[in-house]
Amino acid sequence: MKSLKAQNHPLANTEYEIELLESSDFKGRFENKLEASRLFPLKPTQIEILQINMGKMCNQICKHCHVDAGPDRKEIMERDIMSHCLNVIRENKIKTVDLTGGAPEMNPHFRWFVTEIRTIDPDINIIVRCNLTIILANPKYHDLPEFYQQNNVEVVSSLPYFNPVKTDAQRGDGVFEKSIKALRMLNGIGYGMAGTGLVLNLVYNPSGAFLPGSQQGLEAEFKRKLSTQYQIEFNSLFTITNIPISRFLEYLQRSGNYEAYMEKLIESYNPSAAANVMCRSTISVGWDGYLYDCDFNQMLELKVKSPESQHIKDWKQSALHNRNIVVNQHCFGCTAGAGSSCGGTTA
Amino acid sequence: MKTYYNPEDLKKFGKIGEFQKSMADKFFDYYGEVFKEGALTAREKSLIALAVAHAVQCPYCIDAYTVDTMEKGCDEEQMMEAVHVAAAIRGGASLVHSTQMMNKAKEISM
Ligand code: SF4
Ligand code: SF4
Chain D
1 MKSLKAQNHP LANTEYEIEL LESSDFKGRF ENKLEASRLF PLKPTQIEIL
51 QINMGKMCNQ ICKHCHVDAG PDRKEIMERD IMSHCLNVIR ENKIKTVDLT
101 GGAPEMNPHF RWFVTEIRTI DPDINIIVRC NLTIILANPK YHDLPEFYQQ
151 NNVEVVSSLP YFNPVKTDAQ RGDGVFEKSI KALRMLNGIG YGMAGTGLVL
201 NLVYNPSGAF LPGSQQGLEA EFKRKLSTQY QIEFNSLFTI TNIPISRFLE
251 YLQRSGNYEA YMEKLIESYN PSAAANVMCR STISVGWDGY LYDCDFNQML
301 ELKVKSPESQ HIKDWKQSAL HNRNIVVNQH CFGCTAGAGS SCGGTTA
Chain S
1 MKTYYNPEDL KKFGKIGEFQ KSMADKFFDY YGEVFKEGAL TAREKSLIAL
51 AVAHAVQCPY CIDAYTVDTM EKGCDEEQMM EAVHVAAAIR GGASLVHSTQ
101 MMNKAKEISM
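Protein chains in written order, with UniProt numbering: chain D, 1 to 347; chain S, 1 to 110.
Rather than coming from a laboratory, the hints here were simulated on the basis of the structure.
Small disclaimer: the values here were computed from a predicted structure and weren't measured.
Note that beta-carbon positions come from the ideal geometry of N, C-alpha and C, so glycine has one too.
Treat each hint with caution, since some may be false.
[Stated by the list, open to error] Keeping only pairs whose Cα atoms sit at most 25 Å apart, straight-line, the calculated DSS-like set for lysine-lysine is:
{"no.": "1", "chain 1": "D", "residue 1": "Lys264", "chain 2": "S", "residue 2": "Lys15"}
{"no.": "2", "chain 1": "S", "residue 1": "Lys45", "chain 2": "S", "residue 2": "Lys12"}
{"no.": "3", "chain 1": "S", "residue 1": "Lys12", "chain 2": "D", "residue 2": "Lys264"}
{"no.": "4", "chain 1": "D", "residue 1": "Lys2", "chain 2": "D", "residue 2": "Lys178"}
[As the list claims (entries may be wrong)] Pulled a few chain D residues facing chain S out of the computed Cβ check, cut under 8 Å:
{"no.": "5", "residue": "Tyr161"}
{"no.": "6", "residue": "Asn163"}
{"no.": "7", "residue": "Lys166"}
{"no.": "8", "residue": "Phe210"}
{"no.": "9", "residue": "Leu211"}
{"no.": "10", "residue": "Pro212"}
{"no.": "11", "residue": "Gly213"}
{"no.": "12", "residue": "Ser214"}
{"no.": "13", "residue": "Gly217"}
{"no.": "14", "residue": "Leu218"}
{"no.": "15", "residue": "Glu221"}
[Claimed, not checked] Some chain S residues near chain D, calculated using beta-carbon distances under 7 Å:
{"no.": "16", "residue": "Ala42"}
{"no.": "17", "residue": "Arg43"}
{"no.": "18", "residue": "Val67"}
{"no.": "19", "residue": "Met70"}
{"no.": "20", "residue": "Glu71"}
{"no.": "21", "residue": "Lys72"}
Next comes chain S alone, as it looks inside the complex:
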């Protein structure tokens, strides 16, 4: 069956340099640097990545960071809380725009 998303394609991510090498190299260097232990632990970064993966709804990233957070010792409750953070920000981002709607509605109402 043909689908737009194929789990096997995740393994090909490292090969995007085939079409444009220098940019891919720079990106992967940067990526590696970002996820290193720093002011935030590698574990904290992995949980942020899991939350962002849900916000941008990337199935590859969701698979990859589910495994990565588990490898880093996170449990299901912590992982789900991270997703709720993403959901809260997404929901909040919609709702906070309602102030604009309210402003406009009031502006044009008697």
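So here's chain D without its partners, still in its complex pose:
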């Protein structure tokens, strides 16, 4: 399987994607729903999280990937952009730095960058979105768990299900088995184990065109199954709704589920989830330094609406704080049911 970009797929074109998304507005426009909830225009509350997309390169090629990441993607963040990020973190009291990709660890400057962030402040919460299999992909990555531990990095990893069939169907053949091995390595040095302070959270997202159920219920089930069948421990499970963009949108269209899925998202709009969408407290940085309201807007190439501060080198806290967040129909993915964010439910 190749990325949509390598296939020259029409959905690799963000204008086409947005056009398609907008065709779902017969069931309700996101802006109107926000208006009815007195949330339009959507404004930031406080910028606390900097989510940095270190590049689109990945060792996996998951079917639902909103980044359209994969081994054939070569876009990665250079060191000068990272230096600008470090300045912003230093000068703006950023509390959480969330490193994502692709597989962020494949960026050759990854370890340097993490160490530099840790030097700024021992209390910054550094999160790495680690796909688990990267740890086993090459001997040079085998010591990643120790590296995370030394820098007190929180690990957040996707595991769509506690069995191989569903996991591999979404993330690729053999991914479940490798993920279990990597989780054992992380547990082995204390990640996810009580009393160590080393945090290992898992992410569940549905393997198909349906919404995630209760986060609490799924977490209990995951804990029971992973512990009894695989002796694996973890801290929390975050349930995340699949946002209808990129490869998940391609799947929805190909499988004939697009309209019903959009309808379900729109019908499940929850005003309290809308009030807590993650873009109100996050700025997302692209591999080339441009700024976005979230990783999804980044993939749709919808830059922040603060013309004087659209790139990390031009960071202006007040302009970013006063901007209007760019919304469209894909945002219904964040507001359905109990809500969805990179940290799980929001309502």
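Fit chain S with the ligands to the supplied structure of chain D, relying on the hints for placement.
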């Protein structure tokens, strides 16, 4: 094409109150209460509902509880086992009545 069952009609379920509101309201309140997390988890209740949907052969309920069990984190194997429970009870219910047939047959036989 006209058919007795139309998947779109499932979405109209909530509107049955149009013809009789007070009973529909009571029913939906009760329905909501039944499916809440209780002595049984919401997940267990959803699997029971899926099995019963097959026993009563309601296509609307089968669609609805296939989605619901998947949302609650059940996999296909668990869902199929639930249907087998329904099938076993249905089959067993027929077969256990054969004792009556056997009794009667013996009663009237030499
Ligand atoms: S979902 Fe994550 S692990 Fe999978 S291809 Fe995308 S970036 Fe890689
Ligand atoms: S998709 Fe992005 S911009 Fe839209 S609501 Fe979600 S986080 Fe906010």
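We went through each hint and held it up to the structure:
Taking the CA atoms of D:Lys264 and S:Lys15, the gap is near 18 Å; set against the 25 Å cutoff, the hint holds. Pair hint S:Lys45 plus S:Lys12 holds up; C-alpha atoms about 23 Å apart against a cutoff of 25 Å. A hinted pair counts as satisfied when its Cα atoms are at most 25 Å apart, and S:Lys12 with D:Lys264 qualifies at roughly 14 Å. Taking the CA atoms of D:Lys2 and D:Lys178, the gap is about 21 Å. The hint holds against a cut of 25 Å.
Restraint check, D:Tyr161 versus chain S: the minimum CB separation of about 7 Å is within 8 Å; hint holds. Hint status for D:Asn163 relative to chain S: holds, with the closest Cβ pair at about 6 Å, below 8 Å. A cut of 8 Å between beta carbons decides the hint on D:Lys166: the least distance to chain S is about 6 Å, and the hint holds. Checking D:Phe210 against chain S: minimum C-beta separation of about 5 Å stays under 8 Å; hint holds.
A least Cβ separation of about 6 Å between D:Leu211 and chain S falls short of the 8 Å threshold, and the interface hint therefore holds. Interface restraint check: D:Pro212 against chain S, minimum CB-CB distance 7 Å, threshold 8 Å, status holds. Annotation: D:Gly213 was flagged as interfacial toward chain S, and the flag holds, the nearest CB pair being 4 Å apart, inside 8 Å. The criterion of a C-beta within 8 Å of any C-beta in chain S is met by D:Ser214, whose closest approach is roughly 7 Å, and the hint holds.
Against a cut-off of 8 Å between C-beta atoms, the interface hint on D:Gly217 holds, since the closest Cβ of chain S lies about 6 Å away. With a cut of 8 Å, the hint placing D:Leu218 at the interface with chain S holds, because the nearest CB-to-CB distance is about 5 Å. Interface hint at D:Glu221: satisfied, since its Cβ lies 5 Å from the closest Cβ of chain S, which is below the 8 Å cut-off. Nearest Cβ of chain D to the Cβ of S:Ala42: about 6 Å, under the 7 Å cut. The hint holds.
At about 6 Å, the closest approach between the beta carbon of S:Arg43 and any beta carbon in chain D falls short of 7 Å, and the interface hint on this residue holds. Of the supplied interface hints, the one on S:Val67 holds, with its beta-carbon coming within about 5 Å of a beta-carbon of chain D, less than 7 Å. Taking 7 Å as the C-beta cut-off, the interface hint given for S:Met70 holds, the closest approach to chain D being about 5 Å. Hint status for S:Glu71 relative to chain D: holds, with the closest Cβ pair at about 4 Å, below 7 Å.
Using the Cβ-Cβ criterion of 7 Å, the hint placing S:Lys72 at the interface with chain D is satisfied: the shortest such distance is roughly 4 Å.
When each numbered hint is compared with the structure, no violation occurs for any of them.
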